[in-house]
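Chains A and B are the protein sequences, given in the same order. 1 is the number of the first residue of the first sequence in my numbering; add one for each residue after it. 1 is the number of the first residue of the second sequence in my numbering; add one for each residue after it.
Note that these hints are calculated values from the structure, not bench results. Keep in mind that the hints are not guaranteed to be accurate.
Claimed, not checked - Only pairs whose alpha carbons sit at most 20 angstroms apart, straight line, appear in this in silico PhoX-like list of lysine-lysine: (1) B:Lys53 - A:Lys42; (2) A:Lys42 - B:Lys22; (3) A:Lys105 - B:Lys22; (4) A:Lys105 - B:Lys41.
Unchecked claim - Which bits of chain A does chain B cover? Going by a derived footprint, with three or more residues having C-beta under 8 angstroms, they are: (5) 24-30; (6) 62-69; (7) 72-85.
Here a beta-carbon is modelled for each residue, glycine too, at the ideal position from N, C-alpha and C.
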Amino acid sequence: GESVGLHLPTLSVQEGDNSIINCAYSNSASDYFIWYKQESGKGPQFIIDIRSNMDKRQGQRVTVLLNKTVKHLSLQIAATQPGDSAVYFCAENKGGGADGLTFGKGTHLIIQP
Amino acid sequence: DTEVTQTPKHLVMGMTNKKSLKCEQHMGHRAMYWYKQKAKKPPELMFVYSYEKLSINESVPSRFSPECPNSSLLNLHLHALQPEDSALYLCASSTSGARTGELFFGEGSRLTVL
């Protein structure tokens, strides 16, 4: 089965609020995680990544948190905008010499006006 | 140029047809990928090419045949497909050498098998 997965299939937030999308993984040896955004009719787009030697990483309006103790990571989007409406996937790079990613189930983020 | 271009965008084929999906990138990436995505599901890895050599085949049926003619092009040849093969086929590329999670995806080719 999948080694990464999302907690909720749909998340609805008010425009301007912060969004938090969660993801759990099962393998304690997993060490490299990536978040992707997929808008309707488009391919996935890289957002941010984090390796297991870090607990937190920030980008532009996004923050990824990694809790290795409970095997959980989250994507926080600050001041959610209509353009943030998409399906968000967490993914894992399992290494092994090629960078084929394993994607978890997605969370559909819906922005309420 | 940071695009991965896939053609055709839409393809309808019968189960006895032979068709091909094409992917092109000019970012100098030496790793290229095929993913399959069913509706409301995550992308599933099919094939990985590294320096024009097939490095990963995720137990994909032989009716799907990948080809990497050069470092910029990736093809997926389709033959004797089944209706359940209908899906969005995504091509991606990435740099090689250092482990990366940043893949650049095309917009996909939506395949319908009748």
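Exercise. Given the hinted pair A:Lys42 and B:Lys22, is their alpha-carbon gap at most 20 angstroms?
Worked result: With Cα atoms ~17 angstroms apart, A:Lys42 and B:Lys22 stay inside 20 angstroms; holds.
Exercise. For the segment 24-30 of chain A, do at least 3 residues have a Cβ located nearer than 8 angstroms to some Cβ of chain B?
Worked result: Our answer is that it is violated, as 0 residues pass the Cβ test (under 8 angstroms) against chain B, missing three.
For this session: Quickly compare the C-alpha distance for B:Lys53 and A:Lys42 to 20 angstroms and report which way the hint goes.
Result: violated, 27 angstroms
Exercise. Taking 20 angstroms as the top limit, are the C-alpha atoms of A:Lys105 and B:Lys22 close enough?
Worked result: violated, 27 angstroms
Exercise. Keeping to a limit of 20 angstroms between CA atoms, is the pair of A:Lys105 and B:Lys41 held or broken?
Worked result: The given pair, whose Cα atoms are some 6 angstroms apart, holds under the 20 angstroms limit.
Exercise. Does the segment 72-85 of chain A contain three or more residues whose Cβ lies closer than 8 angstroms to a Cβ of chain B?
Worked result: With 0 residues in contact (Cβ-Cβ under 8 angstroms with chain B), the coverage given for the segment 72-85 of chain A is violated.
Problem set entry | Claimed coverage, the segment 62-69 of chain A by chain B - three or more beta carbons nearer than 8 angstroms | Violated, because only 0 residues of the segment 62-69 of chain A bring their Cβ atoms closer than 8 angstroms to Cβ atoms of chain B.
Violation of the numbered hints given earlier is confined to hints 1, 3, 5, 6 and 7; the remaining hints are satisfied by the structure.
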